[in-house]
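Visitor: Each chain is listed here by its residues.
Protein chains: 6
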Amino acid sequence: MATVKLWTDVEVEAVPAVKTVFDDIRATRKSDFVNNFWRALANQPSLLERTWSSVKQVMIEPGTLDPLTKELVYIAVSTANSCSYCVHSHTAAARTKGLSDEQYAEFLAVIGMAAETNTLANSMQIPVDQEFLIG
Amino acid sequence: MATVKLWTDVEVEAVPAVKTVFDDIRATRKSDFVNNFWRALANQPSLLERTWSSVKQVMIEPGTLDPLTKELVYIAVSTANSCSYCVHSHTAAARTKGLSDEQYAEFLAVIGMAAETNTLANSMQIPVDQEFLIG
Amino acid sequence: MATVKLWTDVEVEAVPAVKTVFDDIRATRKSDFVNNFWRALANQPSLLERTWSSVKQVMIEPGTLDPLTKELVYIAVSTANSCSYCVHSHTAAARTKGLSDEQYAEFLAVIGMAAETNTLANSMQIPVDQEFLIG
Amino acid sequence: MATVKLWTDVEVEAVPAVKTVFDDIRATRKSDFVNNFWRALANQPSLLERTWSSVKQVMIEPGTLDPLTKELVYIAVSTANSCSYCVHSHTAAARTKGLSDEQYAEFLAVIGMAAETNTLANSMQIPVDQEFLIG
Amino acid sequence: MATVKLWTDVEVEAVPAVKTVFDDIRATRKSDFVNNFWRALANQPSLLERTWSSVKQVMIEPGTLDPLTKELVYIAVSTANSCSYCVHSHTAAARTKGLSDEQYAEFLAVIGMAAETNTLANSMQIPVDQEFLIG
Amino acid sequence: MATVKLWTDVEVEAVPAVKTVFDDIRATRKSDFVNNFWRALANQPSLLERTWSSVKQVMIEPGTLDPLTKELVYIAVSTANSCSYCVHSHTAAARTKGLSDEQYAEFLAVIGMAAETNTLANSMQIPVDQEFLIG
Numbered sequence: 001m002a003t004v005k006l007w008t009d010v011e012v013e014a015v016p017a018v019k020t021v022f023d024d025i026r027a028t029r030k031s032d033f034v035n036n037f038w039r040a041l042a043n044q045p046s047l048l049e050r051t052w053s054s055v056k057q058v059m060i061e062p063g064t065l066d067p068l069t070k071e072l073v074y075i076a077v078s079t080a081n082s083c084s085y086c087v088h089s090h091t092a093a094a095r096t097k098g099l100s101d102e103q104y105a106e107f108l109a110v111i112g113m114a115a116e117t118n119t120l121a122n123s124m125q126i127p128v129d130q131e132f133l134i135g
Numbered sequence: 001m002a003t004v005k006l007w008t009d010v011e012v013e014a015v016p017a018v019k020t021v022f023d024d025i026r027a028t029r030k031s032d033f034v035n036n037f038w039r040a041l042a043n044q045p046s047l048l049e050r051t052w053s054s055v056k057q058v059m060i061e062p063g064t065l066d067p068l069t070k071e072l073v074y075i076a077v078s079t080a081n082s083c084s085y086c087v088h089s090h091t092a093a094a095r096t097k098g099l100s101d102e103q104y105a106e107f108l109a110v111i112g113m114a115a116e117t118n119t120l121a122n123s124m125q126i127p128v129d130q131e132f133l134i135g
Numbered sequence: 001m002a003t004v005k006l007w008t009d010v011e012v013e014a015v016p017a018v019k020t021v022f023d024d025i026r027a028t029r030k031s032d033f034v035n036n037f038w039r040a041l042a043n044q045p046s047l048l049e050r051t052w053s054s055v056k057q058v059m060i061e062p063g064t065l066d067p068l069t070k071e072l073v074y075i076a077v078s079t080a081n082s083c084s085y086c087v088h089s090h091t092a093a094a095r096t097k098g099l100s101d102e103q104y105a106e107f108l109a110v111i112g113m114a115a116e117t118n119t120l121a122n123s124m125q126i127p128v129d130q131e132f133l134i135g
Numbered sequence: 001m002a003t004v005k006l007w008t009d010v011e012v013e014a015v016p017a018v019k020t021v022f023d024d025i026r027a028t029r030k031s032d033f034v035n036n037f038w039r040a041l042a043n044q045p046s047l048l049e050r051t052w053s054s055v056k057q058v059m060i061e062p063g064t065l066d067p068l069t070k071e072l073v074y075i076a077v078s079t080a081n082s083c084s085y086c087v088h089s090h091t092a093a094a095r096t097k098g099l100s101d102e103q104y105a106e107f108l109a110v111i112g113m114a115a116e117t118n119t120l121a122n123s124m125q126i127p128v129d130q131e132f133l134i135g
Numbered sequence: 001m002a003t004v005k006l007w008t009d010v011e012v013e014a015v016p017a018v019k020t021v022f023d024d025i026r027a028t029r030k031s032d033f034v035n036n037f038w039r040a041l042a043n044q045p046s047l048l049e050r051t052w053s054s055v056k057q058v059m060i061e062p063g064t065l066d067p068l069t070k071e072l073v074y075i076a077v078s079t080a081n082s083c084s085y086c087v088h089s090h091t092a093a094a095r096t097k098g099l100s101d102e103q104y105a106e107f108l109a110v111i112g113m114a115a116e117t118n119t120l121a122n123s124m125q126i127p128v129d130q131e132f133l134i135g
Numbered sequence: 001m002a003t004v005k006l007w008t009d010v011e012v013e014a015v016p017a018v019k020t021v022f023d024d025i026r027a028t029r030k031s032d033f034v035n036n037f038w039r040a041l042a043n044q045p046s047l048l049e050r051t052w053s054s055v056k057q058v059m060i061e062p063g064t065l066d067p068l069t070k071e072l073v074y075i076a077v078s079t080a081n082s083c084s085y086c087v088h089s090h091t092a093a094a095r096t097k098g099l100s101d102e103q104y105a106e107f108l109a110v111i112g113m114a115a116e117t118n119t120l121a122n123s124m125q126i127p128v129d130q131e132f133l134i135g
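Residue numbers (full-length UniProt numbering), protein chains in the order written: chain A, 1 to 135; chain B, 1 to 135; chain C, 1 to 135; chain D, 1 to 135; chain E, 1 to 135; chain F, 1 to 135.
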């Protein structure tokens with residue numbers, strides 16, 4: 001149903017630029033499973049490389065935000081952008097990173113609340129308070 | 001520039017249903033400052049009450065997600081929904097809740113990354129992997 | 001601040017294809033005021049003509065939905081699309097078509113509610129019930 | 001295909017906080033059918049309660065906007081937010097509230113028109129006319 | 001799964017206003033295949049006519065933008081609006097108009113990049129440079 | 001009005017990681033003008049570097065899509081995402097790359113048309129034709 005071919009492992013093996021990225025995905029995640037997102041991007045090797053390199057740097061390398069927080073932020077954006085694929089894959093990722101049912105319930109309450117107040121603020125075209133401006 | 005009047009404190013004092021909510025906002029936040037969002041909602045007392053009651057329950061009452069995480073999720077949604085008011089007010093709120101420059105930089109990287117991969121997944125109409133489905 | 005020139009009445013007078021549309025806008029609305037949307041579209045005469053012809057047919061010619069309902073639906077879409085210009089112009093239009101403060105308060109409650117439940121349904125990726133499907 | 005379990009009636013019976021809401025949904029709507037949205041929210045009892053209480057107040061209790069107008073506004077927002085579930089469920093609801101084929105055709109024309117002009121106004125970044133501003 | 005009936009050729013034959021448009025679609029595209037979008041719009045003859053007339057004028061009549069560029073712009077908008085149907089139909093159309101795999105890969109990189117920088121600019125609420133303003 | 005400081009040239013000079021990127025922006029574009037987007041990103045040096053590196057690769061390095069087409073696609077996405085900053089900056093960029101008034105008029109017609117049909121397809125939940133599916 002995709003607009004592009006999803007590469008099988010056999011096809012990946014045949015193209016070194018793609019194989020290198022897939023090998024790194026597997027090594028980094030310590031798992032053999034490579035999800036469809038990367039199998040679709042395999043059609044565009046330079047986009048595949050750049051995207052994986054960014055995802056690895058942003059989502060996987062340690063920083064000051066913990067991994068679960070980053071996943072929740074990711075799901076929030078994906079929900080607002082109606083990306084069904086991304087919501088599914090990152091909700092699954094969040095669960096493997098320890099998301100509890102209680103946290104998920106609170107997360108849903110927050111994104112619902114945010115969407116509601118976004119709509120109210122946008123519809124009433126409320127001007128930003130001076131107090132919120134920088135400098 | 002709003003589509004509704006922004007209520008002054010004098011106007012708020014004159015309407016008990018509105019005054020009660022404003023008093024609770026001030027008491028709950030331990031601050032005299034009430035931002036324009038609530039001054040706009042004052043035109044719709046029942047919506048004002050229900051919205052404040054929900055925001056208080058979702059964003060302020062303690063739960064299993066820490067307050068800063070909730071603010072980041074809120075900003076993520078507000079950004080994706082292009083709500084300028086909400087981005088300003090909740091970025092300011094996040095800073096008062098301890099958001100560091102480094103965390104903000106990482107947050108921006110995550111929402112940018114999410115928007116990019118949302119777009120790629122939506123444009124290639126990638127089917128959800130069986131592995132991500134529940135049950 | 002626009003990306004195009006906003007045409008003055010003097011400029012409009014000089015271009016027959018544009019003048020014809022502006023004359024019809026004024027005659028149809030029984031008002032001399034022509035808002036910036038049309039002054040921006042004047043740069044693209046064929047788009048101006050086609051857009052005005054559609055707006056006139058859809059929003060002004062009588063049908064089975066009353067004019068105020070159509071304005072509310074228009075504002076709802078414009079809010080969700082974060083079109084500041086459209087929210088302002090159509091909220092003003094709704095008021096001239098009789099929108100009361102009480103109706104506006106209820107309208108805001110509905111669009112806020114819709115945005116919240118949209119987000120919840122999209123985030124939990126709830127499957128459509130068989131009962132809702134046609135045929 | 002959801003990211004959460006959809007509760008069966010047997011599961012609902014076992015949790016009083018959930019059962020109370022489901023009973024009220026059935027009593028309020030005078031129908032035994034409870035759609036998947038609520039079966040998904042059952043995983044988050046406090047969100048379920050708050051959401052149902054708001055939906056009931058906003059969409060069902062009588063006010064100054066008629067029920068069909070509220071449904072049309074709801075579908076308009078849901079369409080703009082690409083919520084497939086919400087479009088399906090509220091289009092079905094609108095039909096039970098009397099939406100005729102002719103009204104639906106006009107509604108589609110309005111939301112299409114709105115989306116088109118939203119895009120034109122946003123792309124040309126048209127400034128809001130002074131005439132549309134409050135106060 | 002649609003909210004409306006998709007008209008079969010037999011049903012189309014029976015309604016002259018619909019048949020005329022379908023005949024013109026087939027003649028203009030030099031193909032017997034009429035996709036579901038038009039079969040859904042057949043329920044609303046005046047919307048069908050107006051939409052086909054606009055699509056024909058905008059997308060098919062020769063102008064200063066080449067047909068492939070117009071399709072890419074169309075897919076870009078459809079992706080950002082999460083319209084699965086439109087992404088599929090216009091990606092297919094772009095391929096028949098000569099879209100190569102290499103161009104598609106570059107296109108995906110551009111829309112991903114745009115979505116990422118949109119998010120960054122919206123989240124930091126960056127003010128527009130004077131240099132970009134007209135006049 | 002931004003949520004972050006916009007770096008002046010003096011501030012840029014003081015931070016080598018930022019100065020290196022700014023120097024490359026100026027050299028690549030053969031212009032001294034550096035727009036606010038980069039002055040905002042300067043607060044996040046690693047995000048600045050990664051973003052510039054991607055923008056340079058995607059938008060500036062020669063490929064199979066011509067530079068003007070890429071700008072039009074960029075504006076299309078930015079409009080749909082309601083990014084005022086991005087619409088302004090890339091419309092200006094498109095003009096420097098040769099966008100004529102006639103092309104801009106056609107471009108606006110296409111994105112308006114796309115938004116309208118996106119909305120119609122999403123609201124009627126039209127199923128994708130088998131003919132559009134790959135494989």
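Take these hints with a grain of salt, some might be off.
For chains that are exact copies, the list does not tell them apart, and a pair is met inside one copy or across any two.
[Said to hold, decoys possible] Calculated cross-link-like contacts (lysine to aspartate or glutamate; reagent style EDC-like; alpha-carbon spacing at most 20 Å): (1) K5 - E131; (2) K19 - D66; (3) K5 - D66; (4) K97 - D66; (5) K97 - D23; (6) K56 - E11; (7) K97 - E61; (8) K97 - E49; (9) K97 - E11; (10) K5 - D101; (11) K5 - E61; (12) K30 - D101; (13) K30 - E102; (14) K97 - D9; (15) K5 - E102; (16) K97 - E13; (17) K5 - D129; (18) K30 - E131.
By construction, these hints were calculated from the structure, which means they are not laboratory data. None of these values were measured; they are calculated from a predicted model.
Visitor: For each hint, tell me whether it holds in the structure or not.
Guide: Hints, verified against the model:
no. : hint       : verdict
1   : K5 - E131  : between (51 Å within a copy, 16 Å between copies)
2   : K19 - D66  : neither (30 Å within a copy, 30 Å between copies)
3   : K5 - D66   : neither (35 Å within a copy, 25 Å between copies)
4   : K97 - D66  : both (10 Å within a copy, 16 Å between copies)
5   : K97 - D23  : neither (22 Å within a copy, 36 Å between copies)
6   : K56 - E11  : neither (23 Å within a copy, 30 Å between copies)
7   : K97 - E61  : within (14 Å within a copy, 24 Å between copies)
8   : K97 - E49  : neither (25 Å within a copy, 28 Å between copies)
9   : K97 - E11  : neither (31 Å within a copy, 27 Å between copies)
10  : K5 - D101  : between (36 Å within a copy, 11 Å between copies)
11  : K5 - E61   : neither (30 Å within a copy, 26 Å between copies)
12  : K30 - D101 : neither (25 Å within a copy, 31 Å between copies)
13  : K30 - E102 : neither (28 Å within a copy, 28 Å between copies)
14  : K97 - D9   : neither (26 Å within a copy, 31 Å between copies)
15  : K5 - E102  : between (38 Å within a copy, 14 Å between copies)
16  : K97 - E13  : neither (30 Å within a copy, 32 Å between copies)
17  : K5 - D129  : between (50 Å within a copy, 14 Å between copies)
18  : K30 - E131 : between (47 Å within a copy, 16 Å between copies)
Checked against the numbered hints above, the structure violates hints 2, 3, 5, 6, 8, 9, 11, 12, 13, 14 and 16; every other hint is satisfied.
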